[in-house]
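The listed protein sequences correspond, in order, to chains A and B.
Take the first sequence: its position 120, counted from the start at 1, is 120 in the working numbering, and no numbers get skipped.
Take the second sequence: its position 361, counted from the start at 1, is 361 in the working numbering, and no numbers get skipped.
Derived from the structure by calculation, the hints contain no laboratory data.
Be a bit skeptical, because a hint or two may be false.
To list a few chain B residues with every Cβ distance to chain A over 12 Å, as calculated [claimed, not checked]:
#1 L334
#2 R358
#3 R488
#4 T785
#5 R832
#6 R860
So the derived label-pair ranges between C-beta atoms look like this [unchecked claim]:
#7 A811(B) - T638(A): 35 to 41 Å
#8 S525(B) - T638(A): 54 to 60 Å
#9 K170(B) - A593(A): 51 to 57 Å
#10 H374(A) - S815(B): 45 to 51 Å
#11 E820(B) - N782(A): 20 to 26 Å
#12 E805(A) - G493(B): 55 to 61 Å
#13 T345(A) - T687(B): 37 to 43 Å
#14 P801(A) - P635(B): 27 to 33 Å
#15 N782(A) - K827(B): 23 to 29 Å
#16 K430(B) - E805(A): 52 to 58 Å
#17 V893(A) - T687(B): 42 to 48 Å
#18 E745(B) - D86(A): 44 to 50 Å
#19 P580(A) - A669(B): 30 to 36 Å
#20 A669(B) - V101(A): 41 to 47 Å
From the three backbone atoms N, C-alpha and C, an ideal C-beta is built for every residue, glycine too.
Number of protein chains: 2
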Amino acid sequence: MAKYVYFFEAGKAEGSSSMRALLGGKGCDLAEMTNLGIPVPPGFTITTEACVEYFRRDKRHPDGLWEEVLTHLKRLESTLERSLGDAERPLLVSVRSGARVSMPGMMDTVLNLGLTDETVLGLARRTKNDRFAWDCYRRFITMFGDVVLGLERAAFEGLLDEAKARANAKSDAEVPGHALRDLVDRYKALVQEKTGRVFPQDPLEQLRLAIDAVFNSWNNPRAATYRRIHGIPHEWGTAVTVMAMVFGNLGDASGTGVAFTRDPGTGERRFFGEFLVNAQGEDVVAGTRTPEPITALRQRAPSVYDDLVAIKDRLEHHYRDMQDIEFTVQEGTLFLLQTRSGKRTARAAVRIAVEMVREGLIDRETALLRVEPHRLQELLHWIFDPTDKARAAGKGHLLAKGLPAGPGAAVGRVVFEADRAVEWGKEGQKVILVRPETSPEDVAGMWAAEGVLTARGGLTSHAAVVARGMGKCCIVGAGEVFVDEERRAFQAGRILIREGDVIALDGHTGEIFSDTITRVPPPISEELRVLLKWADETRTLGVRANADTPQDARKARENGAEGIGLVRTEHMFFQADRIPIVREMIMATDTLARRKAAERLLPFQREDFIGIFRAMDGFPVTVRLLDPPLHEFLPHYTDLLEEHTRLDALGINPERMKELEEIMAKVRALQEFNPMLGHRGCRLGITFPEIYEMQVRAIMEAACAVSREGIRVEPEIMIPLTGTLGEMKLTHEMTRTVADAVLAETNMSVKYLIGTMIEVPRAALVADQIAQDAEFFSFGTNDLTQMTFGYSRDDVAKFLPFYLERGILPADPFSVLDLEGVGELVKIGIERGRKTRPDLKVGICGEHGGEPGSVEFCHRVRMTYVSCSPFMIPIARLAGAQARIKAERQREVTNA
Amino acid sequence: MAKYVYFFEAGKAEGSSSMRALLGGKGCDLAEMTNLGIPVPPGFTITTEACVEYFRRDKRHPDGLWEEVLTHLKRLESTLERSLGDAERPLLVSVRSGARVSMPGMMDTVLNLGLTDETVLGLARRTKNDRFAWDCYRRFITMFGDVVLGLERAAFEGLLDEAKARANAKSDAEVPGHALRDLVDRYKALVQEKTGRVFPQDPLEQLRLAIDAVFNSWNNPRAATYRRIHGIPHEWGTAVTVMAMVFGNLGDASGTGVAFTRDPGTGERRFFGEFLVNAQGEDVVAGTRTPEPITALRQRAPSVYDDLVAIKDRLEHHYRDMQDIEFTVQEGTLFLLQTRSGKRTARAAVRIAVEMVREGLIDRETALLRVEPHRLQELLHWIFDPTDKARAAGKGHLLAKGLPAGPGAAVGRVVFEADRAVEWGKEGQKVILVRPETSPEDVAGMWAAEGVLTARGGLTSHAAVVARGMGKCCIVGAGEVFVDEERRAFQAGRILIREGDVIALDGHTGEIFSDTITRVPPPISEELRVLLKWADETRTLGVRANADTPQDARKARENGAEGIGLVRTEHMFFQADRIPIVREMIMATDTLARRKAAERLLPFQREDFIGIFRAMDGFPVTVRLLDPPLHEFLPHYTDLLEEHTRLDALGINPERMKELEEIMAKVRALQEFNPMLGHRGCRLGITFPEIYEMQVRAIMEAACAVSREGIRVEPEIMIPLTGTLGEMKLTHEMTRTVADAVLAETNMSVKYLIGTMIEVPRAALVADQIAQDAEFFSFGTNDLTQMTFGYSRDDVAKFLPFYLERGILPADPFSVLDLEGVGELVKIGIERGRKTRPDLKVGICGEHGGEPGSVEFCHRVRMTYVSCSPFMIPIARLAGAQARIKAERQREVTNA
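Isolated chain A, as found in the complex:
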């Protein structure tokens, strides 16, 4: 028969910190502290296995569990020379939950268990404190009623408020003992009324019910949701710790507190915490009294303070991590009630990790694992000054809340059109672009703006994706914001914001303010630089950036990119001096005219590439040939129709009317039912070869030009949307022909590669064929996710939020790579590709390249590099290092 209960008392525990899975975090750390000789009230822990078995048996105890509990209870009673239910020397215990990983506040706890109408009198006698005893009893009934009997806490609180009113007491503490005694009677009557039974007077019944209630709290909806969000398996179960009560509310020589071994906000190495005299733990949480700083304890009780400092040093040294501890002082005696690894800000996490290495507490690998990569984002973007933001909120300037789609803090004047954003931007004004939603036409405006706000769209909408790529502050899906483009204004609640008004966007929280707020730069610390250096020395996975301009490329290098994994050439097409030529190219009715327009674009493209190549001296640059469908470069049909209707009504400007009609006809001809699955990518390059030929020529002429300047350039020409060997063969051949022609003309020798995006499911399935002609693969996991799921990124908001809420999907697959489906295709693609070409260079350039879990996957499937937005580079560097450490540890475990 399994052992279900582990005892701990006076320096000796059956458990230890290695038994976290069995005893839960709380149980094993109490055992560990006991073994270390740290004062902990004695008690015992019921294992998670007992909980799992309890649920397996449909909420019946496993055989022998209750007997084991009784045995250990006896042992506890004999240690303390008190007994549960003993009228003279009553034992009181707490019953606490504790899962394998901390789930703060998600499960239930019962304090002061063992109080009955009889024992409450014994407690009063022994403590010589009548009021204390009745206060304990009424707290117990409340907690037991709530947790075990399922009664509404509010009902008890209502009765307490009445008692306070009757006693004319301002706080709970002012309610006199007799009133509390009276209150207990009312509480018991309430229990009887609601449950039809008297409040249990048998402490063993109390104990059994409380243990079951804590087991059951593992499956309460709040805990289940928390587990789903944090990826904690539902099968783990919780442990239950039963321990002797100690009281911080026995007078001024008593008290309770929480503390951190270092500053959890900054990471500074100083003892940090709070302390409340004459109080129980829940009073600290309730916040009705203001606690004193921990240092105050030094004055109040110097020896207790010294003990506490010695203990916290010992714990930090023992666990080799910053600890969050709870303690109680009962009439001058110190007890530790909990220790656990402390939550901290990203800034603190970095500082603590680096300093602990310097202190010799941990090694570099451990330090690298101590910082969650995605939290670095907090350190990389501008933020609002918290005080000034509180001021703005306090004054009612919080307009609405949307989805935080791009981090940062932006302040600027509202504009409703991309063109105006560009115009005002040129005049040196800071603007916020506000749109119902964005389209590729808005990209220039988004660039020019400080921040972007859209009323519609989800975290993967056009606005969100483009803004994140730009590292731009962005809020999307602000449902309370109604944009009236015609009036150049938006309504949020009862407030109307007009063009030119100043607003502020908090891209970290999604909050929108109708006032300016002071911004502060992100505190990039020396410690972060050190940590990232260690990460670079550790990781084997390359980190590149997605960058479309020389500015992007420079930013990427500053952030540590080792090349560019994706230059999207179409973004260059949208610039004001180019779009007319692009449109001319599209409107061309024959090859010759199309070729002529393409030739006029060539110098622009070449200059772009020259700038990027210069910025990336010594590193490879992957340039993707034109990808989107052509209609994205033409005006919206409704806009054209509107202008046409207007001119028609006025009977003016027949030339423009004719021109409009031509464009409208073209837009109609290019219209597609599903543009995502339409005439784009290499399908375009194959049917209109003039465009790709021009782009290849521009890339290679640029490469030759910078090479002549002495810059080391490694162009990698990438074909988008390849799905068949036929496409790859044809585009490879075309690219090779043009590229070699340029080299021959310029008499230069520049090494270049020709490769392809893998973003169509079929490409992954026939990767062995495609690798015959592709020298590298780059997984375009945005499109691959769209096609593998059959989700249009632009339409997914209609059901994805519902799917996430209902747990049909664990995460948005456009943010977190879907390892089971899309990841499976990626694995198949890499395996088959390398079967044909063992040295195939493989990268990823979707949104996922900067998502830590996805980066770990990329390392595991032996990708050469990940490529992500310049602003995500530090995250990818750290995630890459962690991926390697984890994989090696995994390998060691497997080999051992």
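Assemble the complex: chain A is given as a structure, and chain B must be docked to it using the hints.
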């Protein structure tokens, strides 16, 4: 060293019919006939290996080839006691191509080789026929000039026409000998002028050049295209046969002919062929003289005829297949020049196969393999009477040509609106629905029409797919047809067809006529019924139909379906009495209103299912819950806008304006960028559960109702577009709950299954998970192809035709299942699904279910059944039988 040359003469050949790969079809059949003692002019065949080696060596002969040719030439000369180039006894030979499989007319042949200025005189002397000799020479120069020297045939023909004019001759035969002699001089001068060299006078040089030219003809563009279309490997190469000439043009006791051992049109067992007195083979082909029927030979030369009949019987018996033979009679002596399996109509193929089994010539398996399944289509749809169609074409009634999208022959009055098609149809009129393109709104009109014509769209457009499913005659993508909906007319060339005019559509050819044409029913023969019975006894793969109505279901059973693999419930939504309720359901702003509308639809749906279940008594019926996005059920936005604008201008009917505005708002809200990847399928069923709940209830209530009538019903409820286990779990649970509730209410016990479409790539990849909750899979290969390729079926016409033309894709993947990509996913899906649930029922219900190659694949990957349009059922039955036979033969080969 390889043996490159195989000799045949006088009853003894080195080759045989087992050496088809090495000697080509012609070479091996000549050897086989020689061995059978059938009179064949002697000669030798150069192997395909020599050809392959020739190309491998960059068009140089392999070592020893020419020496081998000379050795065998000597042997031929000594047999015939004539020599190449001998002035007195000149040997003339033909040099013929012959690949492993017949590629009629694709490669080249040279006749009369060996003629020179000297030997032509010897030939004249020996045959005592001056004119004959010069005619042979001028034919030789023409052919050699064309095939070997690459000169234009037209130049020679021009000179011939001049000679005819000079001689005042009406036909070639009337040109006298001296004029032909003169013509030869002009021909030689032409060769010298064009090539700069004299016409080769060395017969060995002629032979060598001719052999090389035949080798080279393997790679001429026409042959390469033919191979690509027919899937013949480019690596095979051609054999070359050099054989002694025999002459059918030596006078009235000579002649030449082609014949079939049975009637290739009907399959009737009668000797069938044509014969031309005093002619060479090319005269038969040229068609300048009208040949006599083969029976005429009986009068002209009874013993020759008897010999020929004996030989044809022998050949058919030997090859156990209908033969297509070529023969020449030279001065009363019969020679066979070729025998091969004869091409035949589908009707003949079926009859010959069945009769040969009855005659004991072949077994049933062989008979089943003798008929190409897709050709059965010719036997299953109405056709135009060929004579009457020729009349119409002759009178200039052929308007235009489009893509033949749905087989059959349709005649009716033109309408341009679906509603009008329904209206006129109800009045008993036969109508043809003509649209620029169709949408789901047109489905009712398509049903009501005899045929459908669209100006736009490809073979996989909405019109094409729906029409094929209905077995409806349909022509799409008729580029010359300009539909003017406003004027209710269409223009084709200079002809304007107005509403109400009669047109005729030939769905087999894509031809559109401006006149009525007599139709004839398809001759469904007793033989076809027998063959299909054998097919049913042979195949293990089930065959079901896609059918949405009781009529469809009945048609499916008539055609031999063993169940329904796909009932598309949305088609029922479009009927006139339902669409208003459907729209009400969609317009509902809350769950209650939506539920109410759904409840009103319930009786309709239940009646539909009752009808289908009754028709399918004893067979399973798979019903797919609602799949398309909701906006498909609402009117087009532009139509609404138009009505709104009109009413607004007139200032009337404000209630209707308000209603229109509401619908317009809804349409806007439902608008999607990529509806294919949007809010549809189970995504809809999960977010609006009322719809699926109603449908499940309707299915189960119908099942209970018919079950009570004694009908055996096996409903299989199918969830569309599942991509994740979460979706499957939720929809399974919902379905189970509603279905069991219905059974409980009705107190019935009906076995039903819950399964899913596999049409999203991810579903195939995580099929092991999905099979936890799915009791069957049905591969929706239409959508699976769309998502695996990233091709929108509705937009693919922009590049797919180009891709097919350029050979980037071997076939339209929406017609022929892409085995490498989509097929790979299907395989993965079945393997993984059966890992979880070994007895998983697996079917296919895409367009591919009736495509023979795809059916073979489905058998190979161990699907349970295929499901296709009711009209394709016979094809699938035969294809299923062939698949099993082929797979078993393959297994025998592998095991041997």
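Each hint, compared with the structure:
Against the 12 Å criterion, L334(B) stays outside the reach of chain A, whose nearest CB is about 50 Å from its own CB. Distance to chain A confirms R358(B) as a non-interface residue, since its nearest Cβ pair spans about 47 Å, more than 12 Å. Every CB of chain A is more than 12 Å from the CB of R488(B) (nearest about 21 Å), matching its label as outside the interface. Non-interface status of T785(B) relative to chain A is broken: a Cβ of that chain comes within 12 Å, the nearest being about 9 Å off.
R832(B), annotated as away from the interface, has a beta carbon of chain A within 12 Å; the closest lies near 10 Å. Distance check for R860(B) against chain A: the nearest CB is about 17 Å away, which clears 12 Å, and the non-interface claim stands. In this structure, A811(B) and T638(A) meet the distance hint of 35 to 41 Å, their C-beta atoms being roughly 39 Å apart. In this structure the supplied range 54 to 60 Å holds for S525(B) paired with T638(A), their Cβ-Cβ distance being about 59 Å.
The hinted window of 51 to 57 Å between K170(B) and A593(A) holds, with their beta carbons roughly 53 Å apart. Judged by the Cβ atoms, the range 45 to 51 Å given for H374(A) and S815(B) holds: they are separated by roughly 47 Å. For E820(B) and N782(A), the hinted distance range of 20 to 26 Å is satisfied, since their beta carbons lie about 24 Å from each other. Between E805(A) and G493(B) the beta carbons are some 59 Å apart, a value that agrees with the proposed interval 55 to 61 Å.
The hinted range of 37 to 43 Å is satisfied by T345(A) and T687(B), whose Cβ atoms lie roughly 38 Å apart. Distance hint check for P801(A) and P635(B): the Cβ-Cβ separation is about 28 Å, which falls inside the suggested range of 27 to 33 Å. Separation of N782(A) from K827(B) is about 27 Å and conforms to the stated range, judged on CB atoms against 23 to 29 Å. The beta-carbon spacing between K430(B) and E805(A), approximately 54 Å, falls within the hinted interval of 52 to 58 Å.
Roughly 43 Å separates the CB atoms of V893(A) and T687(B), a value that falls within the hinted 42 to 48 Å. The given range of 44 to 50 Å is broken by E745(B) and D86(A), whose C-beta atoms sit roughly 60 Å from each other. For P580(A) and A669(B), the Cβ-Cβ distance of about 35 Å falls inside the hinted range of 30 to 36 Å, so the restraint holds. Between A669(B) and V101(A) the C-beta distance comes to about 42 Å, which sits within the given range of 41 to 47 Å.
The structure does not agree with the numbered hints 4, 5, 18 stated previously, though it agrees with the rest.
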